[in-house]
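Protein chains in written order, with my numbering: chain F, 145 to 351; chain X, 145 to 351; chain G, 859 to 1080; chain D, 859 to 1080; chain Y, 378 to 528; chain S, 78 to 327.
Calculated pairs, DSS-like style, for lysine-lysine (alpha carbon to alpha carbon, straight line, at most 25 Å): (1) Lys197(S) / Lys511(Y); (2) Lys511(Y) / Lys275(S); (3) Lys511(Y) / Lys271(S); (4) Lys275(S) / Lys516(Y).
Negatives, chain D to chain S, calculated, CB over 10 Å: (5) Arg867; (6) Ala871; (7) Glu983; (8) Leu1065; (9) Ala1069.
Here chain F is said to cover these stretches of chain X; the calculated rule only asks that three of the stretch's residues, wherever they fall, bring their Cβ under 8 Å from a Cβ of chain F: (10) 269 to 282; (11) 306 to 320.
Rather than coming from a laboratory, the hints here were simulated on the basis of the structure. Glycine residues also receive a C-beta, built at the ideal position from the N, C-alpha and C atoms.
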Amino acid sequence: MSANDLLLRAEGLTALRDERVLFRGLSVSVAAGEVLRVEGPNGAGKTTLLRILCGLDQDCEGRIAWPRAEAAGRPWREELLWLGHLPGLKSTLTAEENLAWLCALRGRAPRRPLREALAMVGLAGFEDLPAGALSAGQKRRVALARLHLEDAPLWVLDEPFTAIDRAGVEALEQLLAAHAQAGGAVVFTTHHAPAITSRSLLLGKAA
Amino acid sequence: MSANDLLLRAEGLTALRDERVLFRGLSVSVAAGEVLRVEGPNGAGKTTLLRILCGLDQDCEGRIAWPRAEAAGRPWREELLWLGHLPGLKSTLTAEENLAWLCALRGRAPRRPLREALAMVGLAGFEDLPAGALSAGQKRRVALARLHLEDAPLWVLDEPFTAIDRAGVEALEQLLAAHAQAGGAVVFTTHHAPAITSRSLLLGKAA
Amino acid sequence: MSAFAALFRRDLALAWRARGDLVNPLGFFVIVVSLFPLGMSPDPALLARIGPGLVWVAALLAVLLSLENLFRSDRDDGALEQLLVSSAPLPLLALARVLAHVITVGVPLVLVSPLLALMLNIDGEPFGVLLSSLALGVPVLCMVGAIGAALTTGIARGGVLVALIVLPLYIPVLVFGAGAAYAAGLGLPFAGQLAILGALLALSVALAPFAIAGALRISGSQ
Amino acid sequence: MSAFAALFRRDLALAWRARGDLVNPLGFFVIVVSLFPLGMSPDPALLARIGPGLVWVAALLAVLLSLENLFRSDRDDGALEQLLVSSAPLPLLALARVLAHVITVGVPLVLVSPLLALMLNIDGEPFGVLLSSLALGVPVLCMVGAIGAALTTGIARGGVLVALIVLPLYIPVLVFGAGAAYAAGLGLPFAGQLAILGALLALSVALAPFAIAGALRISGSQ
Amino acid sequence: MHPVRRTRLLLVLGALALVGVAVGLTTWALRENMNAFYSPADVVDGKAPVDRRIRVGGLVVAGSVQRGGEGLHVSFDLTDGKGTFTVNYDGILPDLFREGQGILATGTLAADGRFTAEEVLAKHDENYMPPEIKEAMEKGGHPGAKAGATP
Amino acid sequence: MWAYLERLWHRLGSPRHFYDLAGWWLPWLAVSSLLLLGVGITWGLLFAPPDYQQGHSFRIIYIHVPAASLALTGYFAMAVAGVVVLVWRMKMAEVVLQSIAVPGAVMCALALFTGALWGKPTWGTYWFWDARITSMLILLFLYLGVMALGSAIASPVLAARATAVLAIVGAVNIPIIKYSVEWWNTLHQPATFKLTEKPAMAPEMYWPLLVCALGFYLFFAFVVVLRVRNAVLEREAGARWVRELAGEGR
Ligand code: HEM
Ligand SMILES: Nc1ncnc2c1ncn2[C@@H]1O[C@H](COP(=O)(O)OP(=O)(O)OP(=O)(O)O)[C@@H](O)[C@H]1O
Ligand SMILES: Nc1ncnc2c1ncn2[C@@H]1O[C@H](COP(=O)(O)OP(=O)(O)OP(=O)(O)O)[C@@H](O)[C@H]1O
Ligand SMILES: [Mg+2]
Ligand SMILES: [Mg+2]
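For reference, chain F alone in the conformation it holds in the complex:
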């Protein structure tokens, strides 16, 4: 594995919450082509770890480096696509309008027309409904449509399969595998048991 393939390297991560140690001195690195599943029971610290990797949680110790971005002189956030528990949709905007502003935050044109991406996640016909009127699963699907639109190499996904129906779960699994194959990388959590994981990181036994 050449140094150029290393997207993310975190070292000595330590997170304490309420005097409980979630993890101490944890090191994680993610290289191109990897699908890393962060595993652990409820309350193990999976969400916390993912948010720390994305720079969203500043309440921790440790170093995080983005070797490839640094080598290319790019801001590291350009390499990252984050989807958390909350889909980040404005409820009064339509699905399409939501995708428009979310993708524009990256400052680059989307990879394909927005409607095409919506159709790919099974939302053809729902493009012009306000996002607030969508069901739980449909909202997540809108957020997942970004995976078809943006060109960040590292996807960090917290429980992406939540609220998605069976057909949707299969499609998403294939998408993650394809992304890794094409030179991207995925870090994700889930309580399902998908077959696509190339590597697992097991966090403690909390709850």
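Please build the complex by placing chains X, G, D, Y and S with the ligands on the supplied structure of chain F, with the hints as guidance.
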């Protein structure tokens, strides 16, 4: 099946959302001992149906009757335990305090000590943490602890397995089955495939 | 009755857990009253004259601001759904919720108002009348405001809408409340105004819980 | 620049989608101004004298109320997280957000204030000065208020806390803004006050975006 | 009775009792003077407070209006049949200000009994009729017709 | 008779039948209201004698009183519709409730405006904070609140129910407006027209007023019915009869 066993009977339920018909003239009845799974793809109207059955969504047509409660001269809401997507916990109160006020809404003493119920859902040691500091799965577990505490015969649960880890899912499945066996009834939705369903209701093919 | 007590206790506990927030309406009240002398000419005679009206308007706005979160947080975390499916009568639960709000927000406002009255040079009989008018009026503001808050909890950006709905209903309370203190300041009779405030209080405690309950069922459906 | 434009457009679209809500701060503004004659003595001479101060305080409170939702809704639905992980400079995004707020809330307030000034019998030079002071001052209120809103988005019951944090920062704006109109009413020079307001505007546009960005990163961690 | 039904009944009964209290308080309050309004009789009897902004109302006594002094000064007597006192005013009177007409004045009563008005408003009554009929009525003194202004 | 009324009630309760029935009423309402308004206003403004005190300025009465009366009646009707919505869940009452708000607010604003205009020549001031005038201003705010709340809720059923609650709560203001002139010492005159007595107004002045008032009421009814019909079409857009209607149009 004697009339006395019928907990809930809904007839001619029609729900329109944004001029789309989710279901028209739908009839559902739930008898003691049943585990009814409401199935359907994302956006089929499962959540909408469950909320209508619980009287939470007034934006529909049709009649809902609670034969057993009516025969006994009880308010129908005494027969019902509802758990939706949101766990209903106040984030600054501890897990135990949250259970205390939620159970008191029923106006009857809980079936066992609150701490015991928390331990049964794997939260021993987390009783005194504010609910806001719990992980997604831990929050759901607090809400699920109510199943061990309240004595409503009909449980209506919207995606109860969300965010719960594998061990938790198994325990919950057993709990639902035991409740039905003991003369209760369960109406629930999920995108997993649990083995405990006694009857399924398939809603349309939306998204 | 036990559901009533449980909800009431829960709300007191919530307020106590976030007791820093309890200072907020108070701080707002105090700051608004001290803003006016800054915005207008700081002329003591003028200030003394408009003092009771100032205190009343500031108290009204403080209550108004505190309403925003009355039911919205319950809605956002799903607690409202649980209240709605409870078998206890919803008006009773609404009463518990508002009563806790009166105690945690209204009572401190009334308790701090003597300080502001002194700041504005109000004393003697007008002082006593101002305080009694606030003691009778602020609970009315809470009860009536809760109806508006309940009606708008289902709406995404309800913040200012509450104000729009509730302010017209507040005007009579303001007129009689500030009017009593103003009349006392002029040595005129004020008992009639206080009696009307008392009537408004009785009326709002009697009827608001039902209106709130109806409004919550509607908001819960959204 | 394109992220800036996208966010700015998004916010205008949000405001337009809920354009009924745009009337809310306006309605609040109008209603508050008409409350005062009720709370105080409805004496025209007195009202004309305290008029500019009244309009200013009401505008300030209207802006304050509108701040509540500035970032909170973004936080509640996860949009804030997406802003934080965006590779565009966060101060730029903050500027877009606040600029949209100025246009959708601040500008209508300034536009409706002539009406209120007329209602309060303000005319001639004080009228013009009041309007220019509002035109300069309201954007400052929005920029400064946004810092408070950003700081409190991580906190559950931030509603009144914003007011508490922001009001002290608002006092200078209020003093110079209402002061200019008041001075004009007395035939005194007022250009100095307006110049100070202009300086405050320049300063807040220059620095507030950075403060907001910092505050948002902190709130996002909570 | 089921406990929930009982609670509901108590709730409704309590509400009704409170409504009763409200009605009682309101009827009592309506008999009180609530807008600082005093009749000429009150002023003459010394019931009206001194040196305060108060409102007085009554009929302008015919022949009592005196314009004069400098500027817009005017004085006139105000009566309600039981008492009469003099009002002083500097300003423009409303068009409908006439002798025999009802008015509402806001001002202050000095210790020496001199009343200075800040504002004089014409309080006109609910009667409308053409001028000819009014004249005829005044001449003929129709017993059945309603008399002019009685505030 | 009773059976007929009951049938009418049920037909009015069904959107489709209401639509048809109202289509019948509309031309009649339009023609009769315009006729009465034309006659009443020319009569009042040109032919009625001037008042012995106010001269010609009293003629504002021909707009002020009908507008004020309609503002009160409109709000009262809204509250009644609100009770029907909440108790009987009647669809048509929901539509009626929301269709009254805008014309009612316009009437209220008109009454305030004409009142202020009239106040200057008679009282000597445009505005005075007495009980009648203040409570009328509150009524305008209440109308605005109902409109704002109704437009903020997407689902028509829920919007109607929410505004029903507000309309009913606000209805306490109506008796206050109506009787303020008797309960308090207002600058505004007490009632000229009483149920029990002959009006304190000469017949040649009140006949045109009656004609005007009737014209205003009919015109208001016309506007409300028109709005109700439009709202029915919008709400029932998915129903077969509306689609057939649209097909007919094409
Ligand atoms: C802004 C000021 C005013 C407002 C808000 C106002 C409001 C009202 C209202 C609410 C009514 C009751 C209508 C009803 O009972 O159906 C009314 C009636 C009336 N108003 Fe005014 N008014 C104002 C000014 C005036 C003025 C200046 C006059 C003339 C001196 C006037 C003369 C009348 C008359 C003659 C009636 C009919 C009384 C009756 O019902 O018998 N109003 N007004
Ligand atoms: N408030 C609303 N306004 C308009 N449409 C709505 C509203 N709520 C739900 N819908 C629509 O109703 C449909 C059903 O939603 P619902 O949440 O019941 O689906 P669901 O079967 O629970 O789906 P999921 O599996 O994603 O949870 C969705 O397509 C959505 O567009
Ligand atoms: N803001 C906070 N304050 C205090 N403790 C916290 C906070 N956030 C999380 N924790 C604690 O950190 C632990 C890990 O939480 P985290 O959300 O990372 O778990 P998780 O592995 O994602 O669990 P789940 O499978 O339930 O999503 C939890 O036990 C929780 O109590
Ligand atoms: Mg997690
Ligand atoms: Mg669902």
